[in-house]
Structures are given as C-alpha cells and as structure tokens.
Amino acid sequence: MARRGPVVLRAVVIAYLVLLVAWPVSLVFTGAFANGLAPVLDTFRDPLVLNALRLTAIAAGWAVVLNTVFGVGVALLLVRRTFPGRRLLAALVDLPLAVSPVVVGLAIALVYGARSGWLGVPLANVGLDIIYSTPGIVLATTFIALPLVIREIIPVLEEVGTEQEQAARSLGAGPWTTFRRITLPAIRWGLVYGVVLCLARAVGEFGAVKVVSGNLIGRTQTATLTVEELYMNFDREGAFAVAATLASVSIIAIAIVGLLRARTERRTS
Amino acid sequence: MSIEIRDVTKTFGSFTALDDVSVAIRPGSLTALLGPSGGGKSTLLRIIAGLETADSGVVTIDGADATRLPPQKRGVGFVFQHYAAFPHMSVARNVAFGLEIRKRPREEVRARVDELLRLVHLEQFGDRMPSQLSGGQRQRMALARALAVEPSVLLLDEPFGALDAKVRKELRDWLRRLHDEVHVTTVFVTHDQEEALEVADEIVVISQGRVEQTGSPDALYDRPANPFVMSFLGPVTQLGGRLVRPHDIEVLGIEVRDAVAGVVADIQRVGNEARVRVGVGGAPPVAVVLTRAELRALGARVGDTVWLRLAAGAATLPVDDAAVAPSGPTLPAVAGGEGGRALAGASSPRG
Amino acid sequence: MTTPVRDDAAVASSSRPGVAGGDGVGRPVTSRRRRGGGARGSHASSSRGVAPAAPPLSLGAGLGLGLAVLWLSLLVLLPLAAVIATAAAGGWDGVVRVLTQPQTAAAIRLTLEQAALVTVINAVMGTAIAWVLVRDRFPGRRVLDVVIDVPFALPTVVAGLVLLALYGPQSPLGVDIANTKVAVTFALAFVTLPFVVRTVQPVLETLDRSAEDAARSLGASGWTVFRRIVLPALAPAIAAGAALSFARGVAEYGSLVLISGNLAMRTEVASVRMLGYIEGGDMAAAAVVATFLLAISLAVTLALGLFNRVGGRRG
Numbered sequence: 001m002a003r004r005g006p007v008v009l010r011a012v013v014i015a016y017l018v019l020l021v022a023w024p025v026s027l028v029f030t031g032a033f034a035n036g037l038a039p040v041l042d043t044f045r046d047p048l049v050l051n052a053l054r055l056t057a058i059a060a061g062w063a064v065v066l067n068t069v070f071g072v073g074v075a076l077l078l079v080r081r082t083f084p085g086r087r088l089l090a091a092l093v094d095l096p097l098a099v100s101p102v103v104v105g106l107a108i109a110l111v112y113g114a115r116s117g118w119l120g121v122p123l124a125n126v127g128l129d130i131i132y133s134t135p136g137i138v139l140a141t142t143f144i145a146l147p148l149v150i151r152e153i154i155p156v157l158e159e160v161g162t163e164q165e166q167a168a169r170s171l172g173a174g175p176w177t178t179f180r181r182i183t184l185p186a187i188r189w190g191l192v193y194g195v196v197l198c199l200a201r202a203v204g205e206f207g208a209v210k211v212v213s214g215n216l217i218g219r220t221q222t223a224t225l226t227v228e229e230l231y232m233n234f235d236r237e238g239a240f241a242v243a244a245t246l247a248s249v250s251i252i253a254i255a256i257v258g259l260l261r262a263r264t265e266r267r268t269s
Numbered sequence: 001m002s003i004e005i006r007d008v009t010k011t012f013g014s015f016t017a018l019d020d021v022s023v024a025i026r027p028g029s030l031t032a033l034l035g036p037s038g039g040g041k042s043t044l045l046r047i048i049a050g051l052e053t054a055d056s057g058v059v060t061i062d063g064a065d066a067t068r069l070p071p072q073k074r075g076v077g078f079v080f081q082h083y084a085a086f087p088h089m090s091v092a093r094n095v096a097f098g099l100e101i102r103k104r105p106r107e108e109v110r111a112r113v114d115e116l117l118r119l120v121h122l123e124q125f126g127d128r129m130p131s132q133l134s135g136g137q138r139q140r141m142a143l144a145r146a147l148a149v150e151p152s153v154l155l156l157d158e159p160f161g162a163l164d165a166k167v168r169k170e171l172r173d174w175l176r177r178l179h180d181e182v183h184v185t186t187v188f189v190t191h192d193q194e195e196a197l198e199v200a201d202e203i204v205v206i207s208q209g210r211v212e213q214t215g216s217p218d219a220l221y222d223r224p225a226n227p228f229v230m231s232f233l234g235p236v237t238q239l240g241g242r243l244v245r246p247h248d249i250e251v252l253g254i255e256v257r258d259a260v261a262g263v264v265a266d267i268q269r270v271g272n273e274a275r276v277r278v279g280v281g282g283a284p285p286v287a288v289v290l291t292r293a294e295l296r297a298l299g300a301r302v303g304d305t306v307w308l309r310l311a312a313g314a315a316t317l318p319v320d321d322a323a324v325a326p327s328g329p330t331l332p333a334v335a336g337g338e339g340g341r342a343l344a345g346a347s348s349p350r351g
Numbered sequence: 001m002t003t004p005v006r007d008d009a010a011v012a013s014s015s016r017p018g019v020a021g022g023d024g025v026g027r028p029v030t031s032r033r034r035r036g037g038g039a040r041g042s043h044a045s046s047s048r049g050v051a052p053a054a055p056p057l058s059l060g061a062g063l064g065l066g067l068a069v070l071w072l073s074l075l076v077l078l079p080l081a082a083v084i085a086t087a088a089a090g091g092w093d094g095v096v097r098v099l100t101q102p103q104t105a106a107a108i109r110l111t112l113e114q115a116a117l118v119t120v121i122n123a124v125m126g127t128a129i130a131w132v133l134v135r136d137r138f139p140g141r142r143v144l145d146v147v148i149d150v151p152f153a154l155p156t157v158v159a160g161l162v163l164l165a166l167y168g169p170q171s172p173l174g175v176d177i178a179n180t181k182v183a184v185t186f187a188l189a190f191v192t193l194p195f196v197v198r199t200v201q202p203v204l205e206t207l208d209r210s211a212e213d214a215a216r217s218l219g220a221s222g223w224t225v226f227r228r229i230v231l232p233a234l235a236p237a238i239a240a241g242a243a244l245s246f247a248r249g250v251a252e253y254g255s256l257v258l259i260s261g262n263l264a265m266r267t268e269v270a271s272v273r274m275l276g277y278i279e280g281g282d283m284a285a286a287a288v289v290a291t292f293l294l295a296i297s298l299a300v301t302l303a304l305g306l307f308n309r310v311g312g313r314r315g
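Residue numbers (the numbering used here), protein chains in the order written: chain A, 1 to 269; chain B, 1 to 351; chain C, 1 to 315.
Hints listed in this document are in silico derivations from the structure and should not be mistaken for laboratory results. A couple of the hints might just be wrong.
[Unchecked claim] Short, incomplete list of chain A residues facing chain C, as computed with Cβ under 10 Å: (1) V7; (2) A22; (3) L77; (4) F83; (5) G113; (6) P122; (7) Y132; (8) T142; (9) L146; (10) P175; (11) E205; (12) A255; (13) V257.
These numbers were taken from a predicted model, which means no experiment stands behind them. Backbone N, C-alpha and C fix where the C-beta goes; we use that ideal spot for every residue, glycine too.
Just need the whole structure built from these sequences, with the hints factored in.
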C-alpha cells in the first residue's frame, strides 16, 4: 500500500544521479579511449602535457603542506585556546569557500602583480615574480583549499576533548610531547581526510589558476588548463585523456575518504 | 605528602566556582571532596593538579609552592571520571606512558608496568586496547597509569561516577584496600555521600564554592555543622522545631514526658525497614525509620496515635524556618535531595 | 540508594534560600552570594568534553597565532581588500557604470537567475536524495552515497567536459544542449549537487523516529507525517544547504567554460564576464563585479550563520 511512494522516489533519485553524474563521468573514461590506446599514449608523451601535470603536482603539493601546517595550528588555537577575536578568526578561515575562484585569482593578481600590485612591485624589484609564475599558482591553489584541513580537524578535536591531553600532562608530558603522542594520533584520520580533500581540490583548481597563471603554455599551464586548451583545439581524445587522469585522482580521493568514513562509523557504532 | 590550599578563588566568567577556599590535607590520608554538582569540588581538584589556575590564593604541595607550576612538574597522578584512556595505545603502553616520558630504561618500565597491572588485577590485559576493556577495567588501568610515575599525590575526579552501581561498590572497596597498601596521599571528588562516608578517612564538604565543613566521616555524621551538611550526608526530618535523622526518633505506643503526639499517616515497608510518616498537627509530617521488629512490637497502624521523642544522643540542629520550611512542591535546597525525600514521607525506594 | 544526586537545575536555581548558621570553618554563610549561570555551573563540574574554560594564550601559542594571522592576511585578507579597494577607486559612479553595462548586467542577471533555479532544484532533489540514502534500503545504495561526492572532488573543468560528453554535440542520447541556458543549469546542478544532500543527511540520520511513529499512531498519513513532522525538523538543514548551493552557483566558473559557450547576452555568467574584463586589462571593472559577487557570498554566509543559530547546532 504505502510502498509505492518510496519506490517511485527511489527511481527518481537514481535516475537523477545517473543522468547528472554517473553516466557523464563514465563517458570521460570511455571518451579517452574512443580511438584506441595510441592517441592517449601520444597525449602523455607530449612534453607540454607532462609539464602541466608536473606543475599541478607541485602546486597541489605546496597547497597541501601549507594548509596542513596552517590548518592543524589554527584548529588547535580555535578549539583549545581563548583569545580575543577567536570567532572572527574562525569566520575568516572559512571565507575562501565562499569566494568565486575567478575573484580569488583577481585578488591575488591585484596584490602580487609585478606591474602594479601592492606587494608585487616591491617583490619584483628584488627579482621575485609571483604572478604568471609558479608562486602565484601556489598562492591561488592554497587560498582555494585553505579551510579544508581545518574544517575536518576542528570537530575531531572537539569530540576528543581535553581529558587525554590533560592526563598526558599530569603524567609528565610537555606540550610538544602531548601533541605528538596524544593529540596527533587522536586526530590522524580527520587529518588524512582533510589532506585528501585538500589535495583533490588543489589538483582540480581552474578559475583562480587561470587568472594568475597567464596560461603560458609549457610554463604556467596546469593540467586543468591543458584540458580546456586541448578541447578548444579540437583534440577531444587528448582533453579526455587528461580529464580522465584528473578524474581518477578525484575518484581515488573519494574512495579513500569513503573508506575512512566507513571506518570511523564502525568505530563509533 | 601534605597539600595545603590557602584562600583560593576561581571564577569562570561571572560564575564563582571557588570563593576563598582553604583546605589542609594530611599526608597519607584518603580525603573526599564531597558536595553537589557544580559546587566547585572538581575545580578545586583540578587546581591542585595544575589543570586549572587559581585566580588568587596559594597551593602548596609538600611544603613547596605549586600555585604556578604546570601540571607535568607537580608530581601528581590524576584519574578522570571518563578514564581519559589513550585509545591508540595498548593497556600496557597506557600504563607505561609516564615512565616513557621520563625516559626510564626499558627493562625498568616493563617491570614496573607488570607490577602495576598485577596491582590492579589487569595482568591478563596488557596487550589489549582500551576499547576492549569494560568501564571498571578501564578505570583500573587509568589508576595504574597514574600510579606508575609514583606520584606524591593521587587525585581522582568522580572516579566511579561513570560506572554502574555494582562495579562502583567493588571499586570503592578496592580503592580503600589499595590506599591501605600504597599509602599515597589521595584526594577524590564525589557527589555520593555514601561513597565518601565509606571510603574516606577525611571529608571536605563543598557547596557553592565554599567549604561547609571538614572532618572525619563520624564527626560529620554525628556533629554536622549546619543543616546543609546534615541533610547532604543523609535523610533528615523535623521534630519539635529541630532537624533530626529519621532513625534517631523513637516511636512509642504510650504517652511519656517530652514526647510529641501524632497520628500515623502511612507506613511503607522496604526490606527490613519500615518508613512511617506521622502527622503532628500544624507542623509538617515527621518521617521515622523503624526496623520491622520495632514496628511489630509497636503494633501501630495507619490512623493510630503514637508518641515521638528524640533518641538518646541523637544529632539535632535548630531548624531555620526560612531554609527548611517545606511549603509547596519545591523543597528548599537545604532539605532538598535526601532530606527532601525523607520529608516527603520517606517513601522513596532505597536500593 | 541513599545517594543524594542533586541535579544541576537544583544547584542553579537562583531561588535557593540562604542557609543560616555557621559552617565547618566558622564562616557565616548567611551572606553567601547567589551565583547565577546554571550552564556555567554544570560546566565547571563536568570534566569531560570542553574544558570549563580553554586556557588563554601561552607565549608559544601567541606566536603561532601571530604567524597564522600574518599568513591569513597575506594570502586571503589583503588580496580581498585589494579587490574591494580597486572597485571603490572608481567611485559610486564607476560601480554603477560597470553593473549597468548591458553585457555585464545580463551576465549578473543570468547568474542570479540560474543560481536561484538550481537552488530550488537542489532543495527538492537534495532532500529526496538524502531521504533515499538514509531511509531506503536497496542494493547499490552505498554506490549512490559515493556518487554524491563526485561533484565535490571532480575538477570543475572536467565536470563541464563530462556533461558535454553526454549532452553535447556528440551526445549518445542525441541531446545537444551545449551553448544554451539549459547547459548553465545542468553545469550548476552538477557542481552544487552535494550541498543540500550532505547537510540534510546527518540531521535525518539523528532524527528521532518515535515522533513520526507517534504522528502515525494519531492517524497521520505518510505524506502528512513528512510534511508536518519531518520537514520542519529538516528545514534549517535544507536552508543551510540551499544557501551554500546558491553561493557556489553564483561563484561558478570552471564547469561553464566549455559547455555554456560563453555567448555574450545569452549564456555568459558573471565569472566569465569578470574574466573577460581581466583579460581585457580592465581590472577596475573586474573588481567591481568581483566585489558584487563577494557581497553576495558574504550575505549568504551571514544568512547561513543565522540558519545555524535558529536551527540549533546538533550534538
């Protein structure tokens, strides 16, 4: 009797997700191999594509390292300390999630541009180019992915509470030992989770990087920019091959996150 | 080692947790900080441990000023209500933690851990993870962990509060015996007056940030300093304008001198105990506790007239009308809790 | 059981009368101050979870905070300030001139309209998806749960490309929506899919089923139970997810570049228009559009804070 509604709902939901997400995403893999393996291999022999993949790896690597250090530090300060402006800091840290990538790119370019940037001009005078160069891409990528580690760690820190840390202190452990031996192991899965999300976001960044990179082929072109470039030049297989590579990274990231989530759910249940 | 707390005040925002508190704890004693939740006893314990800092006042441990010392330098062992087990370490590694921090030789650590696990009856569980232990076992592990570093003072914050009644009872006896063996100065926080009376050899009653009374369990029970302490340590009722314990009232079938006449309002039998409520005219009904044998000998039934008088040597206090008058359904705090239940007819089940 | 378990309410009640007489240490207690703040009272005694008061900064922590704020300023605050300053440099007239320029105005209108449309789609479909994921049981449900995360993780330009593969000129379905408004809708629906689902799902999971059972026992039908009992409980989460989804829709760029065609006055969104200004070297105009988008983001963030406060935080 009342079973019809749920079945219809289930069918609608499945159809929506298949048509919007699952089917299109699967096409990127089949599309890459539409004309066999050879064009795909050619794409990955192209030094420009390889350069782009390398630049993406560098930018994502820096973004992960910077955001992990910053994220753990700020999360500890926000959860474990009181200081004036704490709520403001918490709000500011979330800000990058609400800013359009193109605005991020513009913002970075305005400050660090070599010709008229507030900080760009003095930096250029000492020979440091930020915009149209790797540091600009790193800055833009880091900006975009800034809150991801913090947001994963804060709830874990709150849930773990301070008792374990206090117990360690009362047993003679100093602040650094307490962090290394007690806090870090307690937040490790949240941290891995945050790092994976940060990595996926950094690898996939497009709009902000497009603005700050100048899209100089072979020098400042990242993998996502290469996808656009190849597609615009009617190299469909090439575009799909690089896109499939990027999609694989994100799907592996989701799989890791999914496994971790299942793991934490098992532990809490 | 002795602990001395002098004029300690601690506030959290606008809330005063401790208000000019002074307590001295004898070396080698087992002291209970007893009081209602939110009264400041946990805060006091945490200040002794260095987990909180007093706004003003002085904490001395073994004669040395420890007021500003960080927790890791105080030589105290702290046991938390919810165990604070390190979930990613085995039971043995948990116990070894403090020794490893101190970079003791591995052989010594292993020997000490084995010894402590035996002491807390967990020798079979060294390789388990804390999540594989029961609550009582986890708390014993936490105790072994705190004892491992040979603290000069052992502090326990509601150590049995998260455990069920039976395990709690076992651990109480066990803590008492452990203290007799180890002799380390021990302070524990509890809101359970039975626990304090049974385990401690010194009790500090704390309420609303103040020390109400300090003394041995007998002294506190027999000579409570004020209605609060009296009602917190056990049931109370009123007879002839004085607070008295229900079992300190004699019920007589005949009129004698100085006895108050009343009518039995109801009788409730619980095990070997009979709880009788006696209406005495204008005053609130008096709650009396008799043994079954006494009730049988008395032979009273509901509606019968009986005579009440204080037993010889009964502890009494004058009733402060403002504080104890049971008007309306909300009983005033001084007679609330246990006293309130007794006044309400000693009808609450005892377990 | 003779344990006088005094609950916090009793302790906190300010109507507690003063206790006369002396106490053990000979201090008169009649003058005892009343202490307010029941919540703090229970807090101070609870030894679990959040400490009664997190400690203030030590020297090391202060240094760390300084570094963090400096980094945040250099990376985020200063650049965003530069955007606003550049936009303001042209004065109010400059702002109006940019925003009323027909191509820009059309782009902003399209952006807001499409973001709003997609937000409505998400509020409905997102809630439905969350419901199916939490309450329905069928083989493959876990796969769907993973599919929800794909748009979060997939690079936006790849998202545009995959939609183009199914709904572009070489569509296996024979549906070609490339370079149309529908393409914008599809792309935005793709990238904003997870927001409502992921905010509603946890609330639905922790929802007390007994309230629904009670409503059913009182004669309510399935739909009535949903409308009268479940929906009000989910509303704050749906609103929060919708706000996030709207903000993301307004800001979107990467997924639209390939599929929308970026046709001026027709399928060009604000982000694309902004990039056009940047590539044309008109940073001031780009900054005006950027500030407008920032203002919308800010408004949505504030609204979100409001929803959270109204809805109350879980746990």
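Please name the hints from earlier in the document that this structure breaks, with their numbers sorted from lowest to highest.
Hints 6 and 7 contradicted; others consistent.
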